[in-house]
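Asker: I would like the entire structure built from these sequences, with the hints used as guidance.
There are 4 protein chains.
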Amino acid sequence: MDFTVSEKTQTMLDLMNEFIEKEVIPLEQQFLLQGSEGIDKKLFEKQQKVKEMELWAPLHPKDVGGMGLQLMESALVFEVIAKTPLGLTVFGCQAPDAGNIEILHEYATPEQKEEFLLPLVAGKIRSCFSMTEVDLPGSNPVMMDTMAVKDGDDYVINGHKWFTSGADGSAFAILMAVTNPEAEPHKRASMIIVPTNTPGFNLVRNVSVMGHSGKGFGTHAEILYQNCRVPRKNLLGPEGHGFILAQKRLGPGRIHHCMRFIAISKRALDMMCKRAVQRPIAPGQVLADKQIIQGWIAECAADIHAAKLMVLHAAWMIQNVGVKNARKEIAYIKYFVANVMMKVIDRAIQVHGALGMTDDTILSYWYRHERASRIFDGPDEAHKSAVSRQILKNYR
Amino acid sequence: MDFTVSEKTQTMLDLMNEFIEKEVIPLEQQFLLQGSEGIDKKLFEKQQKVKEMELWAPLHPKDVGGMGLQLMESALVFEVIAKTPLGLTVFGCQAPDAGNIEILHEYATPEQKEEFLLPLVAGKIRSCFSMTEVDLPGSNPVMMDTMAVKDGDDYVINGHKWFTSGADGSAFAILMAVTNPEAEPHKRASMIIVPTNTPGFNLVRNVSVMGHSGKGFGTHAEILYQNCRVPRKNLLGPEGHGFILAQKRLGPGRIHHCMRFIAISKRALDMMCKRAVQRPIAPGQVLADKQIIQGWIAECAADIHAAKLMVLHAAWMIQNVGVKNARKEIAYIKYFVANVMMKVIDRAIQVHGALGMTDDTILSYWYRHERASRIFDGPDEAHKSAVSRQILKNYR
Amino acid sequence: MDFTVSEKTQTMLDLMNEFIEKEVIPLEQQFLLQGSEGIDKKLFEKQQKVKEMELWAPLHPKDVGGMGLQLMESALVFEVIAKTPLGLTVFGCQAPDAGNIEILHEYATPEQKEEFLLPLVAGKIRSCFSMTEVDLPGSNPVMMDTMAVKDGDDYVINGHKWFTSGADGSAFAILMAVTNPEAEPHKRASMIIVPTNTPGFNLVRNVSVMGHSGKGFGTHAEILYQNCRVPRKNLLGPEGHGFILAQKRLGPGRIHHCMRFIAISKRALDMMCKRAVQRPIAPGQVLADKQIIQGWIAECAADIHAAKLMVLHAAWMIQNVGVKNARKEIAYIKYFVANVMMKVIDRAIQVHGALGMTDDTILSYWYRHERASRIFDGPDEAHKSAVSRQILKNYR
Amino acid sequence: MDFTVSEKTQTMLDLMNEFIEKEVIPLEQQFLLQGSEGIDKKLFEKQQKVKEMELWAPLHPKDVGGMGLQLMESALVFEVIAKTPLGLTVFGCQAPDAGNIEILHEYATPEQKEEFLLPLVAGKIRSCFSMTEVDLPGSNPVMMDTMAVKDGDDYVINGHKWFTSGADGSAFAILMAVTNPEAEPHKRASMIIVPTNTPGFNLVRNVSVMGHSGKGFGTHAEILYQNCRVPRKNLLGPEGHGFILAQKRLGPGRIHHCMRFIAISKRALDMMCKRAVQRPIAPGQVLADKQIIQGWIAECAADIHAAKLMVLHAAWMIQNVGVKNARKEIAYIKYFVANVMMKVIDRAIQVHGALGMTDDTILSYWYRHERASRIFDGPDEAHKSAVSRQILKNYR
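Protein chains in written order, with this note's numbering: chain A, 27 to 422; chain B, 27 to 422; chain C, 27 to 422; chain D, 27 to 422.
Each hint should be verified, as a subset may be incorrect.
To be verified - Dumping the calculated BS3-like pairs for lysine-lysine here, alpha-carbon to alpha-carbon at most 30 Å:
1. D:K300 - A:K350
2. B:K369 - C:K369
3. D:K176 - D:K274
4. B:K48 - C:K419
5. D:K67 - D:K48
6. D:K350 - D:K139
7. D:K369 - C:K369
8. B:K48 - C:K354
9. B:K369 - C:K354
10. A:K354 - D:K354
11. C:K369 - B:K354
12. D:K369 - C:K300
13. B:K300 - C:K350
14. D:K300 - C:K369
15. A:K241 - B:K48
None of these hints come from the bench; they were simulated from the model.
Answerer: Here it is in structure tokens:
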């Protein structure tokens, strides 16, 4: 066993970290008070700089314009660039584009790549992933109502989705819809590319989430597909393979999500420490002198450290034994890391007192938006049952 | 011992409950999407109805226009009317007006009552309470920088406050400022009534809290007092008695805060149960069939029940032995009840899944705004240390 | 609502408390090192004193020799006398005798009362309750293998029980056995009085529990009923009513169990406080100066206070609306109070450090033996599911 | 980074595991009911077999008769052999001998090695470590009362120790005593070898711990040193270096302790799973079908996995950057891993129901004895404060 990070990787990480600290974090306050639209231009400038530094799209393949890093390296990258919510955009790794790029790279036809993948990696367009349905659990593939019916050379799509994140302003959606209702449950759905300007692709509203309906990539749309007609060549991968593609995407995606949680946790802990040593609570005494605060810092530090080791280990498993044999490890991190993050954020807020409730720090943003981490991609409870099923099958 | 609620009280509670359910909760969705300004008129109409029903200002004294309920009764009232964030406004019990009314009723001069108290109880004007200072712990009375210096018949006030909730649109502030810097720590500050149109009362900004800077009573202002001059007759209570008045106000205020938390908790549990029986997770199975959800419901129900008994007991203590002898019980509920509420809200969100993140339910509003419950009036940790000191003094 | 304890009751409680403090707790150390046999004689002497003081058997009916207290009063008694494991024996309230007395008083025939009930209340004999079966969940009445088959005037009993607490040295067992296998599930079993000297009542072993197989009332026997023949007149209550009787017994029994937990919790907290102020951790500093310890004390105090109010409220419900209508409240306290107790004990041990691991204090005894509180009478999880079912039936 | 375990190491681990499963675990039941004396002979036989297999003393140096494994390997060994409390004895790694061997190997003179170290590694004698004092916190080096005063060629020792584990039957103690009271705090104490047959080495009692005073290596002695005279050549390492030696010992010792906790946790989880699939709770349903149980299994599995990665990482740090630079990582595992273990044991007991309370499984033994894991070597709270100090010094 060896926990060494190569010097080359470390140099890259240091470079990215410096950029995040000096160029990106200073934009945060404006982002918090004005939303993403307030800083659109500035973000674009930062993206150009990142491209010049040849640090653009670290987790995407080289042949489409990314850095082509291995999973364990890109995980370490996320630990650095995700410590501000602006970081992923600046480095060209923003969800759901990142996941879409991964699928497109593996399954898209040459034309699809030309039309959708290349401009996406280049950051010229945005995309969304349209899977979750209102009133139905996304985690259960049998329960999907959206249908794509073949009609001549087209699919005609009808259905009702929501939490299609970032749909507002996207060039296209990767839609999950039932194409083969008679097949066995896991082979009913397919992925289809739906340009958002297709008639019948109706963005009903940007759902108000945690107090805001948002703009652009920070939105979660409700979408009504009404006789939405797209050519059959927009099918992505084989018909009926929607869930299989979704599964494949899941492993590395989980790694990156979880490293993002760790990046957030580490910065929240850092803020907690800074505050603790500065905040007077009595003449000559600061918060850091209090044992409860000390206990929180020590617990958070240990938990984050544990979380990081688990995520890196899961990434190593994926690289070395494949997603299928790493299912348990991939599931562990989902609930373990999200809960660590939420605990760290909560304590960081508590240490900041009233200030923690305000938007003068990033903490309240995370408190609101990262609460979703315990829900999306399946709630903690579903993952725990799944892990347990895997473990218990050795006992039955 | 006897846990009976009188029939008369129960009838009143039922009446209030029906009003809240039928007339107030239906306004919530608009409030969540448009903020309080969107429903100002409607709220005013509801207030008129409440006055007609003679249920206005249940916790304020009869001689100034309230119902004059005893503490234990008004606690039960809060359990009903606080289950929507609009309820307190509709029934004339909104903080910080409620607390200000309490102090004014006990300490204001006849002129002060005429000018400030009566219109406040009637809901014609709003007020705010200006105590918390930027970068100084509100919980420590020694650490206050705002000064009110006597100059002829006036006080000249200089200082920097924030979290002066509801200042925006208020007619006056009750300000806490140091008037006697040489006195012993607890006798340095006084309460002074400062009309908000006084020159030198500068509302710098409505601090953005959990993503919103708000409007009207839903704001938390940063205020710069710059040579702000008010007549000395605006002194409220004896000079140097600021903290003594603040202490007095604390007991009943705590009861009402905590019953509000219980009202929220009960409704969140109710929503959790409704969702659990309706949400399909697999063909023929709903969330309520899962043991973890059952466990959450049972734990939340028990915790809320415990919390309610504690608050009622503390109210009974205040009524029967006085605030001073009930200090331990009053401190218990601060941290116990707030934590129960936050746990219930968190689980209710988890049971609602993605829906819980949205503003299609009230849950995300509470998740954001009630997080402050573990911070304001002193963080949990301060209250725990205080309780412990009280307990341990019997051992030293 | 009124939380007053009558002066008369308080006087009795004070008397009992003084006796426990001065006469019973001093025996504890010997009990811890030598087991109950070491102090049998002394306990007997204390029992005589209690009888002379007319404080014997406070929770049993007057007509059989007890004090005949109401449930809420006897609950308060337990808060006092159960703060040492010897207290219940000294005051004639030891389980399982107490529960058996309750059933016998309500259902026994005059002959049964004469033979079994009176000497039991007087403390001349001991008894046990034989229900739990090896490898079958006690909580599920359908799953019971022990059979009592009618044969002439007798029942012939065959079956395998364990955790028949206190069987060693008992004069008789109240046995739960299936008499009507064809009846509906809840009406299959009956209660039968089985003198322990009946041939075929085979005490296989005193199961070693937490490191000790024990002696006398501190044992948990495994019993093999092999063609054990008792006269049919030993049937207790109507045939097939075994579970109905067991249910009835459950409510008040739960109250007493839970008040015992509270007694333990209060004493553990008291020990924690004593230790905290005495234990030096650095020159001039004791444990009580550390904020984490302060936090524990404050949390434990609040939790115990909440628990006590819940138990008294449940007792009040049983007295005023009956066990059936108090099912939810009775279930709440099972898991709420047991968990409070275990947390308090755990923290008290932590505050005592290495000393807490030893038998120089009572803490390690409780740590070991009260762990059962989350298991017996049904595990926490079963109670939570039951509560949840009750709550959710209003939503379906 | 690379998480591979070498094939050679894995083969050794498999061999050890098979031996533990087939030869050692079967002795457990007798050990639980009769204590270590019941199986002394059998353990000796197993030790001989282990020696024949050349697997004796895996963590001790080759030159004194051990296998000389590196820290990361010996950590993996503990994960296997510590899954039964008998494993360490059988493989010659029992505390406190293991730690004593480590110190003796590094600091003992050739004569000391000849007399004390060699027979200790060979398992011919046992030893103890005498540091903790009654009523003084072991974690604070300033607070030690035991004095070793030079008198001619001797030290004359007076003091009062307890929790000198395994003193009963030991050939010698390594004693920590103040030799230089005027030196700076950390340089006051020295380590001295005290043969237990020295006059003045008075074993007052084997302190009863969790219900048992024990025998042999399972004891915790209270020892009164009364004018106990040993030659000055028994000094171990330089005078005044007692704490420095203790510190050095701490790192690897912590690794082994924590891997032992992981071994216990893994077996407890294994038992939980076995029980869950076998225990019927209703016709056709077993515990494993319940979601709460599934959740526990999944949480325990993730926590144990996290804990193991942390310990291996800490071992890697010690090997690669030294104990001094790994202080934070060494402290993390102390509280993180012990708490994981206690949670897993607690849940395993809960899943076993009444059976979990008995000595028919190993669980209740661990529940009792491993509770000390959160106390010895300094309580969790002390380690958390220490970690926090280390982290915060970068912020001050």
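Asker: All hints, please: hold or fail.
Answerer: Against the structure, the hints come out as follows:
Pair hint K300 (chain D) plus K350 (chain A) holds up; C-alpha atoms about 25 Å apart against a cutoff of 30 Å. In summary, the hint linking K369 (chain B) to K369 (chain C) is supported, as the alpha carbons are separated by about 18 Å, within the 30 Å threshold. With a C-alpha separation of about 26 Å, the suggested pairing of K176 (chain D) with K274 (chain D) holds against the 30 Å cut-off. Note on K48 (chain B) and K419 (chain C): the hinted pairing holds, with a Cα-Cα distance of about 24 Å set against a maximum of 30 Å.
Only pairs whose Cα atoms come within 30 Å are accepted, and K67 (chain D) paired with K48 (chain D) is accepted, the gap being roughly 17 Å. A distance of roughly 27 Å separates the Cα atoms of K350 (chain D) and K139 (chain D); the hinted pair therefore holds under the 30 Å criterion. For the proposed pair K369 (chain D) and K369 (chain C), the alpha carbon gap of about 13 Å is at most 30 Å, so the pair holds. At most 30 Å may separate the alpha-carbon atoms for a hinted pair to count; K48 (chain B) and K354 (chain C) meet this at roughly 29 Å.
Between K369 (chain B) and K354 (chain C), the direct Cα distance comes to roughly 20 Å. Compliance with the 30 Å bound is thereby established for this hinted pair. Taking the CA atoms of K354 (chain A) and K354 (chain D), the gap is near 29 Å; set against the 30 Å cutoff, the hint holds. A C-alpha spacing of about 20 Å is found between K369 (chain C) and K354 (chain B), which places the hinted pair at or below 30 Å, so the restraint holds. A distance of roughly 28 Å separates the Cα atoms of K369 (chain D) and K300 (chain C); the hinted pair therefore holds under the 30 Å criterion.
This hinted pair checks out: K300 (chain B) and K350 (chain C) have alpha carbons roughly 25 Å apart, not beyond 30 Å. With a C-alpha separation of about 28 Å, the suggested pair K300 (chain D) and K369 (chain C) falls inside the 30 Å cut-off, and the hint holds. This hinted pair does not check out: K241 (chain A) and K48 (chain B) have alpha carbons roughly 34 Å apart, beyond 30 Å.
Of the numbered hints listed earlier, the single one contradicted by the structure is hint 15.
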